[in-house]
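K.L.:
So you can see what is in the structure, the chains are spelled out below.
Number of protein chains: 2
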Amino acid sequence: MDPRIREHAETVVDHSTEVEPGDNVVISAPPAAEDLTLALSEVVGERGGFPLHVSYRKDATRAAFLRAVDPDGLDTPDHELALAEAADVWIHARAHDNVAEMSDVPGETMSAFQKAHLPIREEILDTTWVLTQFPAPADAQNAEMSTEEYEEFVWSAVGKDWEAQKEHQQRMVDILDAGEEVRIVSGDTTDLTMSVEGMTTINDHGKNNLPGGEVFTAPVADSVEGEVLFDKPLIHQGHEVEDAYLRFEGGEVVDHAASKNEEVLASVLDTDEGARRLGELGIGMNRDIDRFTYNMLFDEKMGDTVHLAVGRAYDECLPEGETGNESAVHVDMIVDMAEDSYIAVDGEIVQRNGTFRFEDGFEE
Amino acid sequence: MDPRIREHAETVVDHSTEVEPGDNVVISAPPAAEDLTLALSEVVGERGGFPLHVSYRKDATRAAFLRAVDPDGLDTPDHELALAEAADVWIHARAHDNVAEMSDVPGETMSAFQKAHLPIREEILDTTWVLTQFPAPADAQNAEMSTEEYEEFVWSAVGKDWEAQKEHQQRMVDILDAGEEVRIVSGDTTDLTMSVEGMTTINDHGKNNLPGGEVFTAPVADSVEGEVLFDKPLIHQGHEVEDAYLRFEGGEVVDHAASKNEEVLASVLDTDEGARRLGELGIGMNRDIDRFTYNMLFDEKMGDTVHLAVGRAYDECLPEGETGNESAVHVDMIVDMAEDSYIAVDGEIVQRNGTFRFEDGFEE
Chain U
1 MDPRIREHAE TVVDHSTEVE PGDNVVISAP PAAEDLTLAL SEVVGERGGF
51 PLHVSYRKDA TRAAFLRAVD PDGLDTPDHE LALAEAADVW IHARAHDNVA
101 EMSDVPGETM SAFQKAHLPI REEILDTTWV LTQFPAPADA QNAEMSTEEY
151 EEFVWSAVGK DWEAQKEHQQ RMVDILDAGE EVRIVSGDTT DLTMSVEGMT
201 TINDHGKNNL PGGEVFTAPV ADSVEGEVLF DKPLIHQGHE VEDAYLRFEG
251 GEVVDHAASK NEEVLASVLD TDEGARRLGE LGIGMNRDID RFTYNMLFDE
301 KMGDTVHLAV GRAYDECLPE GETGNESAVH VDMIVDMAED SYIAVDGEIV
351 QRNGTFRFED GFEE
Chain Z
1 MDPRIREHAE TVVDHSTEVE PGDNVVISAP PAAEDLTLAL SEVVGERGGF
51 PLHVSYRKDA TRAAFLRAVD PDGLDTPDHE LALAEAADVW IHARAHDNVA
101 EMSDVPGETM SAFQKAHLPI REEILDTTWV LTQFPAPADA QNAEMSTEEY
151 EEFVWSAVGK DWEAQKEHQQ RMVDILDAGE EVRIVSGDTT DLTMSVEGMT
201 TINDHGKNNL PGGEVFTAPV ADSVEGEVLF DKPLIHQGHE VEDAYLRFEG
251 GEVVDHAASK NEEVLASVLD TDEGARRLGE LGIGMNRDID RFTYNMLFDE
301 KMGDTVHLAV GRAYDECLPE GETGNESAVH VDMIVDMAED SYIAVDGEIV
351 QRNGTFRFED GFEE
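So the protein sequences, as listed, match chains U and Z.
The letter at position 101 of the first sequence is residue 101 when you use the numbering used here, and the numbering goes up by one with no holes.
The letter at position 6 of the second sequence is residue 6 when you use the numbering used here, and the numbering goes up by one with no holes.
When chains are identical, the list treats them as one kind, so a pair holds in a single copy or across two.
Straight-line Cα separation of at most 20 Å, EDC-like style, residue types lysine to aspartate or glutamate; simulated pairs:
#, residue 1, residue 2
1, K58, D35
2, K58, E46
3, K166, D304
4, K207, D315
5, K232, E262
6, K207, E316
7, K232, E339
8, K207, E123
9, K115, D126
10, K115, E85
No wet-lab data here; the hints were simulated from the structure.
Keep in mind that this is a model prediction, so the values were computed, not measured.
Let's have the full structure, built from the sequences with the hints guiding it.
P.N.:
Okay, structure coming up:
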């Protein structure tokens, strides 16, 4: 077995989830991630945990079930719920034989399934959980890379020195936590301001997401003003939206456009009231992710980018007891900040053209 | 997909386990059975059940865990136990990438693992469960057949008319249930008598085992007298014992021999007191299983054979409330009855050279 698979498994078990003796560990992974599943079982065994391998939610087996089942008969399955309740650690290893495997599952069934599985999802979020990616050939294809090149890409991003990355990111966390107004400017197409006053910035250093490599917070929902052009494509339910554009007034989207699949963007914004407001401001800081791969787990962590999500805010970013922007959706979109761009906090430029003020080469 | 896989799945779901709407179904299957797993998910979905795919207990992933873990730290994993408790139906689909996958798991670890998993095993036995076989290439190799030939073999044995088979077998069940003394004679090497008085004979027609195709009961433990030569090889923990021979007095093995791996046979008999007594008398009645394939799920159902197991008796064969022969082992061994052989019940010949008295061509 490729030694990088073993290293990947060690990072998941020792860094992301810190498996301890006696831990009840679920490894949720599809057949395409078989090698990683085996390595995870081995490392969990070495740490004294008890691994159980279950299928990943989105694979051909689930798709066959979902195409066959009557959505009206769907309900929360007790056995999966009991498994999630009793689990201490839940490792999701994503990989595909075909990234379009779920494409012919009727939307109605998919919605009913997700609704029925919501209690299970909530139990999983109460475990120590991580989502990671195994570099299967179909995922490489989706990223428009050879499998060998994609393996190198994934394992470079996963195998970082996470303690050093955490320290590096903490400097940006401190700036955002101390600040109030954030302004994002890129070329003559993006100039957006928002308040993050009272919000908490999260340092994502490879715990729930592997690779990690972003810091993120929640904007004050009605504070967002200005316009933004997302120059990286947005993939939503298999559709690619290009050059998504949003204009905000009083926190709400008042104008939108796209050069391709504008109706997909419109349908996202029309989901509910919260879908027209921002739920997240994130700043990508993983410089090993140096290209766009049509996979948000990686794309949103890319160095020299900012991402904004319309829809649901993360509770951990909000003041204790406060509910933030609520919505059934959370759709991330990315702005490239590498050229002719800056981020300012309370009027002070903290990043220009992708370089932070606490890094070499920063120009005020 | 091969249409026979879909038919196999329908037999499992509709005949063996009778899945109903809302049933919590576990599909325990290794990667080598991926196609059957998919078909099972589809058919379970059509019936309105909720399938969850978990790894099969004996696959490479489990082996990697077991090689890595400290056996002293093994315990019953709560999450697997919770899953088994909440399951209504448990489908085991056996298949291998390599039938020797568990061969380098230390015996001590294997024993500790089995002991820790005993409560889970008992919960699974409380569900509607079935064990079946997918014809993977490594299993074909183990059976010394091409994959194509083995597929035909497995799906012929699985795809029988089970109602007709049940009726056919019931005639032998009725004979055994009405009888007291059973005598098994083959050539000049086997002449064994035992009492089955008060015992219940089970008609295995594809419910817990697919393929099914045997009738079995429990001998009265101290009634077994005579000698038996098992002319089909016995495979125990990866070792092949040839020409196993046992001589019984007062129900107990008083002499034994084998032409190959006699020490393996001796170690089975030395496990505990019950390992020197018979726990099962079974009669193979599935004529689609016409050859020995080194796989007891099939071999014991082979037409024209009788099998005897030293060790544990099945509760369902015993009078209500009675405990039969107890042992940590249950090891089946097979006698070929096709030539120069007969089975007699209370002095009346009921099978000669493999043909039952209720079949055409029977000669008293």
